[in-house]
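When you get a sec, could you build the whole thing from the sequences and use the hints?
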Amino acid sequence: MQPKIMMKKKSISASKASLVLFLCQMISALDVPLDSKLLEELSQPPTITQQSPKDYIVDPRENIVIQCEAKGKPPPSFSWTRNGTHFDIDKDAQVTMKPNSGTLVINIMNGGKAEAYEGVYQCTARNERGAAISNNIVIRPSRSPLWTKEKLEPNQVREGDSLVLHCRPPVGLPPPIIFWMDNAFQRLPQSERVSQGLNGDLYFSNVQPEDTREDYICYARFNHTQTIQQKQPISVKVFSMDSLNDTIAANLSDTDIYGARPVTERQPVLLTPTGSTSTKVELRGNVLLLECIAAGLPTPVIRWIKEGGELPANRTFFENFKKTLKITDVSEADSGNYKCIARNTLGSAHHVISVTVKAAPYWITAPRNLVLSPGEDGTLICRANGNPKPSISWLANGVPIAIAPEDPSRKVDGDTIIFSQVQERSSAVYQCNASNEYGYLLANAFVNVLAEPPRILTPANKLYQVIADSPALLDCAYFGSPKPEIEWFKGVKGSILRGSEYIFHDNGTLEIPVAQKDSTGAYTCVARNKLGKIQNEVQLEIKDPTVIIKQPEYKVIQRYGQVSFECIIKHDSTLLPTVIWLKDNDELPDDERFLVGKDNLTIMNVTDKDDGTYTCIVNTTLDSVSASAVLTVVAAPPTPAVIYARPNPPFDLELTGQLERSVELSWIPGDENNSPITNFVIEYEDGLHEPGVWHYQTEVPGTQTTVQLKLSPYVNYSFRVIAVNEIGRSQPSEPSEQYLTKSANPDENPSNVQGIGSEPDNLVITWESLKGFQSNGPGLQYKVSWRQKDVDDEWTSVIVANVSKYIVSGTPTFVPYEIKVQALNDLGYAPEPSEVIGHSGEDLPMVAPGNVQVHVINSTLAKVHWDPVPLKTVRGHLQGYKVYYWKVQSLSRRSRRHVEKKILTFRGNKTFGMLPGLEPYSTYKLNVRVANGKGEGPASPDKVFRTPEGVPSSPSFLKITNPTLDSLTLEWGSPTHPNGVLTSYILKFQPINNTHELGPLVEIRIPANESSLILKNLNYSTRYKFYFNAQTSVGSGNQITEEAVTIMDEAGILHPAVGAGKVQPLYPRIRNVTTAAAETYANISWEYEGPDHAHFYVEYGVAGSKEDWKKEIVNGSRSFFVLKGLTPGTAYKVRVGAEGLSGFRSSEDVFETGPAMASRQVDIATQGWFIGLMCAVALLILILLIVCFIRRNKGGKYPVKEKEDAHADPEIQPMKEDDGTFGEYSDAEDHKPLKKGSRTPSDRTVKKEDSDDSLVDYGEGVNGQFNEDGSFIGQYSGKKEKEPAEGNESSEAPSPVNAMNSFV
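Using our numbering, the letters of the sequence shown correspond one by one to residues 92 to 1395.
It should be emphasised that the hints constitute simulated quantities derived from the structure, not laboratory data.
Values in this document were obtained by computation on a predicted structure and should not be read as measured data.
Treat the hints with care, as some may be off.
Derived DSSO-like pairs: lysine-lysine, alpha-carbon spacing no greater than 30 Å straight-line [claimed, not checked]:
1) K417 x K449
2) K164 x K1034
3) K954 x K413
4) K954 x K1016
5) K1034 x K1050
6) K328 x K371
7) K1016 x K1050
8) K164 x K574
9) K204 x K371
10) K581 x K896
11) K397 x K328
12) K1050 x K1079
13) K689 x K661
14) K204 x K189
15) K1116 x K1079
16) K646 x K674
17) K963 x K1034
18) K397 x K1034
19) K164 x K1116
Put into structure tokens, the structure is as follows:
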């Protein structure tokens, strides 16, 4: 039989599946391939494939459909229980069961009552191999009761006081959605001051004069019955201080002192919840909603915190002006105390909500179907968690296992059933029930014992084509029970294949890692078990690789020129290559200047936009190669102009006015070479200390030829000058004569003095030595002085030669020292130096951080805490703390790999840090060490932690092969990083039409152990887009997309020697040739399907003539052309063809040009009789409108539309059932429901106009429903009455099940 997937019959043929489908066979039990023919032959216990939800609320006006679908071999029979006893559907005429199905249909629309069928239903599907059962399905009809009558007193409140308007809606099933509006159906504005609570009440933190109105109306919407109930309007009158003062003044004399107290500001008081604490219980996975609304003046602001923790990131949202805290997907970790704080300028108030998160049962390991051979062993495991911990119970074929027929091969051990030495009679369906006070889980899993001889599912003589030096994978998909052994032979009489040049996969596939030409030939696969033997032969062909023997080359072309790129290829003679050109990795511009030839690309009339990288891509069915070249577009060379050059060097340098610390330098500029000199650069050479090295001295403007230079003592100076203009710098001038300045005491001391110990018992004092010219004289030395800081010691000094380091030995470990270094020469000392602070040498830290704790935040992030070490034990500069962490094991993959430790350093005295980039579903270890300048201290004890599951990466690949008229084969690779236990794959696909519009999206869930799928029942010659991703229990990973096309007809299937196993392109065709003809020209257009970048031509001739066709070439790949120079009033034939596709043309089309027209035409719009006729028609329409207006305003009732027009909002008008016009107001009582129109069909839409603040905003879809915030969209739909009402002004209230309240 064929398994059912997403309500559509899909069969998966392993005969056309490739290697990947069978790489995932189970070791502990047999894996049955999803081959349609094989599945039809094998017996299989029942499996429930579709069932109604556990809590099923039904519309009491519609037939009740309780779904129960199952598969099995032989097909199962179905039975039902109701409230624990057998439900005999044959005795109830209102109940029927669908053919070949267990789905029940209870006929309510023909006399049945939904209330009579309330109860708990359970379905059983049974065949000779066992019985599967559904969940307990609780059926309850929805209810939308009327609002109870109540007398509402007007609310009179003083300005600034708080106010609560109670809604108290009727209790319905499911509960209604509440919203507040006014008489004009406009939603009431809400803000931090005025807002609706979760219970539906309207809260005013403080009232203002503008809150005075008489139409505060609470509405309750019941979704299942599509009914709205309306509460009576509530009146609110706010007395402002100004009005009170005016009232008092009118009743007092001028001599009286009067005045009402001003509006009093008040500190916050919580309106809800009351008291200082409250509790809330929420279930795991639900949305937690906590609310705090406060009174006060000024209006309080609400803030939320979690005591002793942080609000969860990415799951926390604030709604209703931060009065509502919303946490999605709650877990046990979200339990705790949540505090809301209301604050204004006068004070604050707070409330603590203690949240406890419980959990209904959820699967840890759900039992899975087990296929065994006779005599084999196996286990069924059922593990669930919850809060409180759920209890586990087993059933066999729907009967508690304790009273089920005994099976000697079966043993129950808590949450596990162990099978030993099973026989065919051991086949059965087992049910695992995990339950606690918050719910239950029920899972069916069958044990199917099969004894089958070997079968090979790979088609006989299948042809594999591989490029030389690439891997070759030859399939041998098999099945048998017991599991067969597989052997491979080459040729008919060849010996068994062995050796390192072959790889034998567990699924039967033979892999040749490097296929050579001599690998070509026939290969035989043999499968055998104790019940038989079978063999199959496949063919392997090795093809030459495709090579670009002449690649495009880099080109530089002048603007408006012509350029050509070559791309000459060599390929296997049996493969058909296609060549595609790209510009900057995108399609070529749609421009007739780009001409694509057989082996070149030519660009005419090159412009600056053509600059870029051009790539030639060559594709065959087996390989693809590419080569690129860059095109640079330059401007045409400019006309000859004046030559500009760098200036010539200055000359004739002269020194004058020599002093001890200064000298004057002068020079004569060289030729400036048509570019003025902007400045001169003066450099000097110290022939005494650094001969041959020139240093920058200064620079002066280009108009100056002398400069006064400052000099240093004891330097033998030479100078040179360089001229600079806009072109560049000149060559240096010849050096000036030398000038030696006199010696003097040093003017400065060494810089960058430091004291850093290299060992625990020394102090290394370093400094930057003075340059030669800074010594100011011969005999440069340094006086180094030091003493321990904060100790009453004398300075210790030593004079050293011209070095830059001195080491003080025998110091204590890491103590501070005062240090100074003074320069001196033969003439004396430099000025007194400044002191710096240094430290003697550091030693390694003595202790490790303690109390290391790890808090796993999510699957890739953890937070580590530790206690700091005492600073005395650091024995050096505290650099920070280093966290060493490494992955011990990946829980989703058993293979271990080399342990790579990672290190994170946290600077300073931090006591916590974040560990990012962790791998989900893995075990880690870490330790923490303190570090100083010497190194690291001892490590803390290793801490072990685990990361939870995450979402997987995208599948490693998605290939679409084997196209037929109505099917495609999909193959995929598992995610490189599963990040957990894969639960399933999700495949979505939708068709794409010729205008690239997307069709309906179909979704398929695929078991995680599958690696290929055959989609059948597809449309022929249709392009489909596929979206594919993997899932773990956490959620879905990134998806990959692919597109493929089913073939047009059987002729479109290429011979296997050409392209077996690959998706072939549609055979090219040109269709829908259309013409639009004028007198002397015709517009020809067409639709094209086939390879990109086709070159079209149009052929035409006189219809019925035997003359040759005339041919016009179409520029580019456009799909239209204008034929010019045609003869008026003549019939023509036309057809369209494509260059390079021999004999490929469209069908012929015939058109006729228009007759020759007179040169002068009469414009009817300017004729007097036409203008008079139009005026008469307009006058008649105006009279009819006036008569209609007078008739509609007669009587005591007025239409809703006119009331809505008075409010200038066209969107708030409810539509009548019969003709789409707007209903009328009724004088009925306030609680009467609004009358609905008939249900809007799925293809009807209600157009939304421009209003953004009306009932339109409350819609849930095109059927005219309401959104969550209460706005109304279009026509509110419901079921039609059996008999239409007569007239449109009945004051009878329609049933609340079938109508909405009248808006009064």
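Now the hints, each set against the structure:
| no. | hint | verdict |
| --- | --- | --- |
| 1 | K417 x K449 | 17 Å, holds |
| 2 | K164 x K1034 | 53 Å, violated |
| 3 | K954 x K413 | 29 Å, holds |
| 4 | K954 x K1016 | 13 Å, holds |
| 5 | K1034 x K1050 | 44 Å, violated |
| 6 | K328 x K371 | 36 Å, violated |
| 7 | K1016 x K1050 | 39 Å, violated |
| 8 | K164 x K574 | 21 Å, holds |
| 9 | K204 x K371 | 38 Å, violated |
| 10 | K581 x K896 | 79 Å, violated |
| 11 | K397 x K328 | 39 Å, violated |
| 12 | K1050 x K1079 | 15 Å, holds |
| 13 | K689 x K661 | 13 Å, holds |
| 14 | K204 x K189 | 20 Å, holds |
| 15 | K1116 x K1079 | 8 Å, holds |
| 16 | K646 x K674 | 14 Å, holds |
| 17 | K963 x K1034 | 26 Å, holds |
| 18 | K397 x K1034 | 28 Å, holds |
| 19 | K164 x K1116 | 34 Å, violated |
Going through the hint list in order, the structure does not satisfy hints 2, 5, 6, 7, 9, 10, 11 and 19.
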